[in-house]
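Colleague: Residue-level listing of the chains:
Protein chains: 2
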Amino acid sequence: MLNKFCKKPLYEVTRTMANVAMGVEKAEMVIRNAKLVNVCTAEIQEGIDVAITQGRIALVGDASHCIGDDTQIIDASGQYIAPGFMDAHIHVESAMITVGEYGRAVVPRGTTGIFMDPHEICNVCGPEGVKAMIDDGKRTPLKAMSNVPSCVPAVAGFEDTGSHIGPEEVREMMTWDGIMGLGEMMSFPNVLSAEPNIHGELAETLKADQVITGHFSIPDTAAGLNAYIASGVRCCHESTRAVDVLEKMRHGMYALMRYGSAWHDMPVIIRAILDNDVEDRFACLISDDTHPDTLISEGHMDHIIRCAVKEGLDPIKAIQYVTINPATCFRMDHEMGSITPGKCADIVFFDDLNDIRITRTIIDGDIVAENGKMVAELSEPDFPASVYDTMHVGETITADSFRIKAPDGKDTVSTRVIEIIPNHVGNYEKIMDLNVTDGFVEADPENDIMKMAVFERHHNTGTKGVGFVKGFGFKKGAMAQTVAHDAHNLLVAGTNDEDMALAANTLIECGGGLCAVADGKVLAIVPLPIAGLMNDLPAEEMADLVAKLDVAWKEMGCVINSPYMTMALIPLACLPELRLTNRGLVDCRTFSFADLFVE
Amino acid sequence: MLNKFCKKPLYEVTRTMANVAMGVEKAEMVIRNAKLVNVCTAEIQEGIDVAITQGRIALVGDASHCIGDDTQIIDASGQYIAPGFMDAHIHVESAMITVGEYGRAVVPRGTTGIFMDPHEICNVCGPEGVKAMIDDGKRTPLKAMSNVPSCVPAVAGFEDTGSHIGPEEVREMMTWDGIMGLGEMMSFPNVLSAEPNIHGELAETLKADQVITGHFSIPDTAAGLNAYIASGVRCCHESTRAVDVLEKMRHGMYALMRYGSAWHDMPVIIRAILDNDVEDRFACLISDDTHPDTLISEGHMDHIIRCAVKEGLDPIKAIQYVTINPATCFRMDHEMGSITPGKCADIVFFDDLNDIRITRTIIDGDIVAENGKMVAELSEPDFPASVYDTMHVGETITADSFRIKAPDGKDTVSTRVIEIIPNHVGNYEKIMDLNVTDGFVEADPENDIMKMAVFERHHNTGTKGVGFVKGFGFKKGAMAQTVAHDAHNLLVAGTNDEDMALAANTLIECGGGLCAVADGKVLAIVPLPIAGLMNDLPAEEMADLVAKLDVAWKEMGCVINSPYMTMALIPLACLPELRLTNRGLVDCRTFSFADLFVE
Chain A
1 MLNKFCKKPL
11 YEVTRTMANV
21 AMGVEKAEMV
31 IRNAKLVNVC
41 TAEIQEGIDV
51 AITQGRIALV
61 GDASHCIGDD
71 TQIIDASGQY
81 IAPGFMDAHI
91 HVESAMITVG
101 EYGRAVVPRG
111 TTGIFMDPHE
121 ICNVCGPEGV
131 KAMIDDGKRT
141 PLKAMSNVPS
151 CVPAVAGFED
161 TGSHIGPEEV
171 REMMTWDGIM
181 GLGEMMSFPN
191 VLSAEPNIHG
201 ELAETLKADQ
211 VITGHFSIPD
221 TAAGLNAYIA
231 SGVRCCHEST
241 RAVDVLEKMR
251 HGMYALMRYG
261 SAWHDMPVII
271 RAILDNDVED
281 RFACLISDDT
291 HPDTLISEGH
301 MDHIIRCAVK
311 EGLDPIKAIQ
321 YVTINPATCF
331 RMDHEMGSIT
341 PGKCADIVFF
351 DDLNDIRITR
361 TIIDGDIVAE
371 NGKMVAELSE
381 PDFPASVYDT
391 MHVGETITAD
401 SFRIKAPDGK
411 DTVSTRVIEI
421 IPNHVGNYEK
431 IMDLNVTDGF
441 VEADPENDIM
451 KMAVFERHHN
461 TGTKGVGFVK
471 GFGFKKGAMA
481 QTVAHDAHNL
491 LVAGTNDEDM
501 ALAANTLIEC
511 GGGLCAVADG
521 KVLAIVPLPI
531 AGLMNDLPAE
541 EMADLVAKLD
551 VAWKEMGCVI
561 NSPYMTMALI
571 PLACLPELRL
581 TNRGLVDCRT
591 FSFADLFVE
Chain B
1 MLNKFCKKPL
11 YEVTRTMANV
21 AMGVEKAEMV
31 IRNAKLVNVC
41 TAEIQEGIDV
51 AITQGRIALV
61 GDASHCIGDD
71 TQIIDASGQY
81 IAPGFMDAHI
91 HVESAMITVG
101 EYGRAVVPRG
111 TTGIFMDPHE
121 ICNVCGPEGV
131 KAMIDDGKRT
141 PLKAMSNVPS
151 CVPAVAGFED
161 TGSHIGPEEV
171 REMMTWDGIM
181 GLGEMMSFPN
191 VLSAEPNIHG
201 ELAETLKADQ
211 VITGHFSIPD
221 TAAGLNAYIA
231 SGVRCCHEST
241 RAVDVLEKMR
251 HGMYALMRYG
261 SAWHDMPVII
271 RAILDNDVED
281 RFACLISDDT
291 HPDTLISEGH
301 MDHIIRCAVK
311 EGLDPIKAIQ
321 YVTINPATCF
331 RMDHEMGSIT
341 PGKCADIVFF
351 DDLNDIRITR
361 TIIDGDIVAE
371 NGKMVAELSE
381 PDFPASVYDT
391 MHVGETITAD
401 SFRIKAPDGK
411 DTVSTRVIEI
421 IPNHVGNYEK
431 IMDLNVTDGF
441 VEADPENDIM
451 KMAVFERHHN
461 TGTKGVGFVK
471 GFGFKKGAMA
481 QTVAHDAHNL
491 LVAGTNDEDM
501 ALAANTLIEC
511 GGGLCAVADG
521 KVLAIVPLPI
531 AGLMNDLPAE
541 EMADLVAKLD
551 VAWKEMGCVI
561 NSPYMTMALI
571 PLACLPELRL
581 TNRGLVDCRT
591 FSFADLFVE
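Protein chains in written order, with our numbering: chain A, 1 to 599; chain B, 1 to 599.
For reference, chain A alone in the conformation it holds in the complex (with noise of 0.2 angstroms):
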């Protein structure tokens, strides 16, 4: 498909081209003395010049005759240059920051193109917010190439969010310039299925001429996953297995292998490769997930680059897989990811090809980042004021809210109760004996139970649902946040019901985002103004502030990892086994509705 993420397409700059390469015209950049990765012939080559005009690559080679008195030249002599890096799957708002700031933060890094699917702000603000993403990615010289979300709601009759999307979204959305694809479509079992809502998203993708990502995260390599890629799914990053990434290759399907800050897929994956002996044109690498955090202590792309090598990947493969590969993926091989003649100028330098840590990013011809730093200027964010405006909770919030009636005459209650597995997606349904006070079933902090409740936060409509959980191990106050996946909701998770009004009624006050409260104090919070998922701020500091927010759990008795990261799957209505959103508990192994209380 065309290619509208560089300076100027090349058919207005083709005379141009011909005349720098032949030194009649004379180029505005030259990389002298390089050693080249060569991404398409998988070789090093020494002693390499790069002529670069309109932004363009003009002549590899010896580019001795197209510099004149204009020409920047930099000398890269013991330096390595390679395509710059690109993020084959990645979810912006999981940094919560904005695509200009996650640009700031990972230019730097070697990453200059991400194929982001946006769905998180798509749930809350519909395709506005994923044209507000488009349009603030281009603040950046990052390439923030933007799929249509498939799937919002996510999982559609168990809760309620802020937009929808069908076909006739994708085909009108498929038109726009930012656009590169159909999301991950993590409805695989409507794929399956031949569900004809589903297969429609898939059909206006491909008239389109665009391509499907995947997201097939069953341990399944025959009939399913067969039927996944015939229906035209071309990458998936849900891999788990080294099976699941050698089948996937074998049909022909890009296996992205994910290396995020919470999801540590690749070690175990990439043996694929290591201990088989195949072809690996169809391998990539991709972070999906990325907290603020991972990005300022380890990177984005190379971080992944240098575990992979550390796994035993040959250096020349691993940057294949983020350049060439992923760019051959999206069919944008004749445009990105490699450096030839006629393809963008996105380049990257580094010292040690095993341990390659960047040190200039030249994207469009421009050096945008030196020395780890974003030198390119960044204009400030202009987001539409509707992505400020998403919290719409039909209730005036107080402790009442969160008063559970027992039924009548009862002292304990025998109650459907949410156990999370530290450190894993999944959780449990316990049925459990629960003490009534007055009427009304409370949270049990002695025996780590807390009462949890989800408001539906985007149209007013006044729906929530109530329950408990088990396992965070708070002895004291509430959290809050509006991440809360997928739907993104308002959570509030408490051990008392004035300490979860508090925490409710501070986030909706500030946009949403996350917080934690405790003996009627706000201890810490992570405001999240842009649809209640993303800040502004640099990524460092909403680092920061994620600290701080884990220090207030910890004081409170919080024992496991990331907290909130497990907290924000409780809503996900498509993981076992007990889910609790908006509309009430949801049993994830039937698709139903649960009640509360076990008769």
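Keep in mind that the hints are not guaranteed to be accurate.
If you want a taste of the chain B side facing chain A, the calculated C-beta under 7 angstroms gives, among others [stated by the list, open to error]:
{"no.": "1", "residue": "7"}
{"no.": "2", "residue": "10"}
{"no.": "3", "residue": "21"}
{"no.": "4", "residue": "202"}
{"no.": "5", "residue": "206"}
{"no.": "6", "residue": "208"}
{"no.": "7", "residue": "209"}
Sample of chain B residues lacking proximity to chain A, with all beta carbon distances greater than 10 angstroms (derived) [what the hints assert, rightly or not]:
{"no.": "8", "residue": "59"}
{"no.": "9", "residue": "333"}
{"no.": "10", "residue": "445"}
Derived by calculation from the structure, the hints in this document are not laboratory data.
From the three backbone atoms N, C-alpha and C, an ideal C-beta is built for every residue, glycine too.
We have chain A already, so just place chain B on it with the hints.
Modeller: This is chain B only, laid out in the frame that chain A set:
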């Protein structure tokens, strides 16, 4: 780009694909227990089933559950299956048969797709001729995907053709259904010099999101090659040295290695891959030009694969070079080029990986050839009348038409003679003293000098060029042809004016072709009534006719191989040194017209 060459677009049938893969609906065909040449991972997988429906592959693996009462089962035990072969650069006209008959010849050999560049018919009939070729291709299951010819005429200003292609024609034709890219850009000097008209064609192709195919035939891997690639050219079949292939691949250009009937570049240039430790995803094998007798006696891509394997190439790689690699070159790898779910079911069968002889060809899920014979029915050709009416010579040709008046009062005259070089495309300018008889310069068979004339035959301009040629060895008679590259005018050569007139009029009468005449009699004729380039006979019959012409030529004293090919190049005004077009002698070293007589 959207594929219009399969039975049904994937977007119409995704639900059926899913249902068949899941076994909910049953497959139309299942291939069982094959040895799969997996071009994605470059390995052989044994015991593989393939389920097919709607012309596409639904499942690869164990297809037991896809089999129903009506499923056609093919037991492939002991047999290999591979994706159907594709030829990424081919001129059908070279074989002098129609696209339909070309399909009949090559499909049983395992060819399921060709990217044809019909620039010969375009020189004669213009875009309407290209359209006729595309339409004719629909008679055959062969996927005859067409490029838009880019260089019509081949050498503007020195010859007259039937038509002209410029940026506007390219823009218009890129919207046609059967089009996949721009044909070989032979005007590489104009690409390198940034000539606006040629770059206009490149720009229109890129704007249409299509692929530009190349023809870069000079030994330059530096500035010129970079300028050519930077202008957007994605592949090139004109490599004659191993370094050409290596540097093209390194620069991200698909290196199409040629093994045609007359041009055997592959054994030399494939050393680029065999002798270097480089990855080869940019390597392809192609035929360019194939004579009908080669198709019959040797084969097509199967023959080229066998030859490459003989040179030492791994057979799995050889198959990649004619399947997934060309598909990716044309950005159609999501539709064809591998046996993976969702792709068109274009599949070939064979028994021996090291001596590939195709036993069965499936296209779009239908068995179209078995045991070397097409089993699919071909409808009759239905060319528009205009392509049969292309002999428009603006004078009545008699013996007098060939008389060449000498300068007054001379007995001998110093003359520029074209001396051919057997088995090479180049020739020499030779200055010779020719005898004058009754005021006219005559042929001199005893010294192997024939008279030659080129008549414009498209627009009745009545223009002609005359000259002399040396080296064929003819003792008597005359020969004529309308293939004469690239303007395809009427070329006549002979030892006497009467036989030359008979040869010319014989072809005018039959609508063009090749013929041999001696002593006032037609000895042999290959009628090419379609544009003076093709006949709708099967390849076998065309090969027989050509063989009879060969015999006639030998009887007349001809001493060189493929005399009609060598003769056909005499008007091609982009090859050194001296050429004869309908406008006269052209010195191709200086690109200027030359006088016949030297003062």
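Colleague: May I ask you to test the interface hint for residue 21(B) with respect to chain A, counting a Cβ-Cβ separation under 7 angstroms as satisfied?
Modeller: holds, 4 angstroms
Colleague: Quick check on residue 208(B) please, does its C-beta sit within 7 angstroms of some C-beta on chain A?
Modeller: At 9 angstroms from the nearest chain A Cβ, residue 208(B) fails the 7 angstroms test, so the hint is violated.
Colleague: Can the hint on residue 209(B) be confirmed by a CB-to-CB distance to chain A that is less than 7 angstroms?
Modeller: This hint holds: residue 209(B) lies near chain A, its Cβ roughly 5 angstroms from the closest one there, short of 7 angstroms.
Colleague: Looking at residue 333(B) again, its CB stays over 10 angstroms from all of chain A?
Modeller: violated, 8 angstroms
Colleague: Is the shortest C-beta separation between residue 206(B) and chain A less than 7 angstroms?
Modeller: holds, 4 angstroms
Colleague: Regarding the hint that residue 7(B) lies at the interface with chain A, is the smallest CB-CB distance below 7 angstroms?
Modeller: violated, 15 angstroms
Colleague: Mind checking the CB of residue 202(B) against every CB in chain A and telling me if the closest is under 7 angstroms?
Modeller: holds, 5 angstroms
Colleague: Is the Cβ of residue 445(B) more than 10 angstroms away from each Cβ in chain A?
Modeller: Consistent with the label, residue 445(B) stays out of reach of chain A, its closest Cβ about 49 angstroms off (over 10 angstroms).
Colleague: Over 10 angstroms from every CB of chain A: does residue 59(B) meet that, or does the non-interface label fail?
Modeller: violated, 4 angstroms
Colleague: Would the hint on residue 10(B) be counted as holding, given a Cβ-Cβ threshold of 7 angstroms to chain A?
Modeller: This hint holds: residue 10(B) lies near chain A, its Cβ roughly 5 angstroms from the closest one there, short of 7 angstroms.
Of the hints listed earlier, those the structure fails to meet are numbers 1, 6, 8, 9, in rising order.
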